[in-house]
Amino acid sequence: MTETDDNHLEAYVRAALALQGYSFGDAEIAQIVMQFSRLETISRTVFDWPLPFASEPAPVFRP
Amino acid sequence: MASAADVAQQIAKGARSAASVLAECKALIRAKDPDLNCFTAKTFERAEREAAAIDATYAEGRALPPLAGVPFAVKNLFDIEGMVTLAGAKINAGNAPAAADAKIVARMSRAGAVLVGALNMEELAYGFLTENHHYGITRNPHDRSRGAGGSSGGSAAAVGAGMLPITLGSDTSGSIRVPASLCGVFGLKPTYGRLPRTGTYPFVSSLDHVGPFANSVLGLALAYDAMQGPDPADPACAQRASEPAGVSLLLPRGIRIGILGGWFHEWADPAARRSVQLAAAALGATEWTELKSAEVARAAAYIITGAEGGALHRPRLIEQYEDFGPASRSRLVAGGLIPATWVIQAQRVRRHAYAQAMELFERFDLLIAAAAPAVAPKVGQETLLINGRSIPTKAGLGVLTQPISCIGLPVCTVPVWPGEGDSAEERALPVGVQLIGAPWREDLCLAAARTLEQAGIAAVRARD
Chain V
1 MTETDDNHLE AYVRAALALQ GYSFGDAEIA QIVMQFSRLE TISRTVFDWP LPFASEPAPV
61 FRP
Chain X
64 MASAADVAQQ IAKGARSAAS VLAECKALIR AKDPDLNCFT AKTFERAERE AAAIDATYAE
124 GRALPPLAGV PFAVKNLFDI EGMVTLAGAK INAGNAPAAA DAKIVARMSR AGAVLVGALN
184 MEELAYGFLT ENHHYGITRN PHDRSRGAGG SSGGSAAAVG AGMLPITLGS DTSGSIRVPA
244 SLCGVFGLKP TYGRLPRTGT YPFVSSLDHV GPFANSVLGL ALAYDAMQGP DPADPACAQR
304 ASEPAGVSLL LPRGIRIGIL GGWFHEWADP AARRSVQLAA AALGATEWTE LKSAEVARAA
364 AYIITGAEGG ALHRPRLIEQ YEDFGPASRS RLVAGGLIPA TWVIQAQRVR RHAYAQAMEL
424 FERFDLLIAA AAPAVAPKVG QETLLINGRS IPTKAGLGVL TQPISCIGLP VCTVPVWPGE
484 GDSAEERALP VGVQLIGAPW REDLCLAAAR TLEQAGIAAV RARD
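For the protein sequence lines, the chains are V and X, in the order given.
According to this note's numbering, the stretch in the first sequence is residues 1 to 63, in order.
According to this note's numbering, the stretch in the second sequence is residues 64 to 527, in order.
Because the hints were derived from the structure by calculation, they are not lab data.
Idealized CB from N, CA, C, for every residue including glycine.
Be aware that one or more of the hints could be misleading.
Some chain V residues judged to face chain X by a derived CB distance under 10 angstroms, without partners named [what the hints assert, rightly or not]: (1) N7; (2) F36; (3) F47.
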C-alpha cells in the first residue's frame, strides 16, 4: 500500500467515524485505522474472486 | 468424570443417585477450576434442586429423561434464569438478570441435565483465545502454560479437565471447533439454523451457531438430540422436526470420504497433518479433494463478522468505549465502518462458496480437515508459524474453521493425539479433526466420530 493509499484510508476512517457519531483522540484513531487497514486487505480477496454478475447474496429475508 | 451416557444409565438403574453425581462434580470443579479458570459463576443451589427432583422421580418409579442427572454448564452468553448474561464483557455486568433460560438450556434441563454453572469465554465471542481482559485467562487442561482456545474456552477446558461430561458453547467462525481441538474434546457445530439461539447473546446473526462439547460421541449426540427442534422465536432456526442422531451412530457402508487439501493442507502444520492422516486411515479415506473457495470464504466471514459485530455494538462503543477490552474495541469500531459494498460482495461470495461445496458433496458424503493449524499456543503467544509462514495467533487459529462456518456446514470435531512436535510437551497435545457433512447431515458427522472413537483414534484423555 502506498503513502497515498494510507492517507485515503485514514481520511475514510476519520470521516466514517464522524458520520457514525464517534469521537476519538489520535491514539485511538491510529488503532482503528490499523484494524480497518487489515479489513481492507482482506476485502480485496472477496473482490478478486470471479463471480457471475447475477450471483445472489446469501441472506434471504423470510417473513 | 464418566460419560453422559454412563452417568444417565447408572442413575436410571439406581446404581447412583443424581445427588451423588452432583457431589462428585462439585468436588472436581472445586479441585480443578482454580488452576484453569473455566467458571465465571456456579449454580450449585439450582443444581441441588434439579438433582433432588431427578432422585424423587426415580424413587416414585417414574421414567427418567435421557440425560437425567447429567451435570452440564454453559458458556456465559447463554441466558440462565435469574443471572446476568455476561458474554464475557464488563459492559454487560450491570444488565438485568435473565428472565428465563435460553431455549437450548431449557431443553437440556427438560432432558434431565443438571446445570452447574456459567463458563468463561472471549469477550463478546470475538476471538479464538480465551484471554479475557475482564474475567481472566482460561488455561489448557493439558498444559497450564497454554491457552484453551476460544471463544468457548471455558466450555472446552471444563470437559478436557474432566470436570463435566457435557458443556454448551457457540461457534461463529470456529469458537466450538478451535477450543475443542486445543483442549482435546469432542465438539459439534451443527448446520446453521439447526439449533435455536433464542436467549443467547448475539454476535453475528448470519453466522452464529450453538452446540455441545462432550467427553464421548454418544454424550455429544444425546445433548444434540435433546436440543433439536424448531423455534419460531429465532428467525434463523430452521422449522424442521428433530432428526435424532444418537439412535444409531453406525457409519453406513460405502460412505465416500474426501480429505481436504489445498488451503486446508497448506495451513496445517505437521502435527495437524498427522491428525488428519490418522483419522483418514481409520476411516478408509484415501482421496484428496479441494474446496477452491476456502480462502475467499474465510475472507467473506471476516468482512461479515466485522460489519455485523461493529453495527451491533455501536451504541455502547460510542458511550462506553473504555469499558470494552483493548483487544476487541478498536476491531469492533473498525468493523462498523465497513462499506455496504464489501458486505454485499462477501454475502455473494458466501452463496458462491456454498454452491462449490455442494458440488463436492455430489462426490463425497463427508470431508475431513484439521480443526486448528497447530497444537495449543502458549498464553500470550503473538504469532503461529505454520509451514514457514507466520500468522497472528488471534486470527490464525481460525484459519481452518472459518471457511466452513461461513457456509453453515455441520461439523463434528474429534480429539486426535498426533504425537508430533519439537518438544515432549508439544507431542503430548491434541489437534482436532473436523468431520464435515452436507447440510443437515449431523448424523454422518457423529457416526464418523463414533467410528474414530471406537478405533481408538479419537479420545478424550483424562487429566489429573
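Practice prompt. Report the numbers of all earlier hints that the structure fails to satisfy, in ascending order.
Written response: 1
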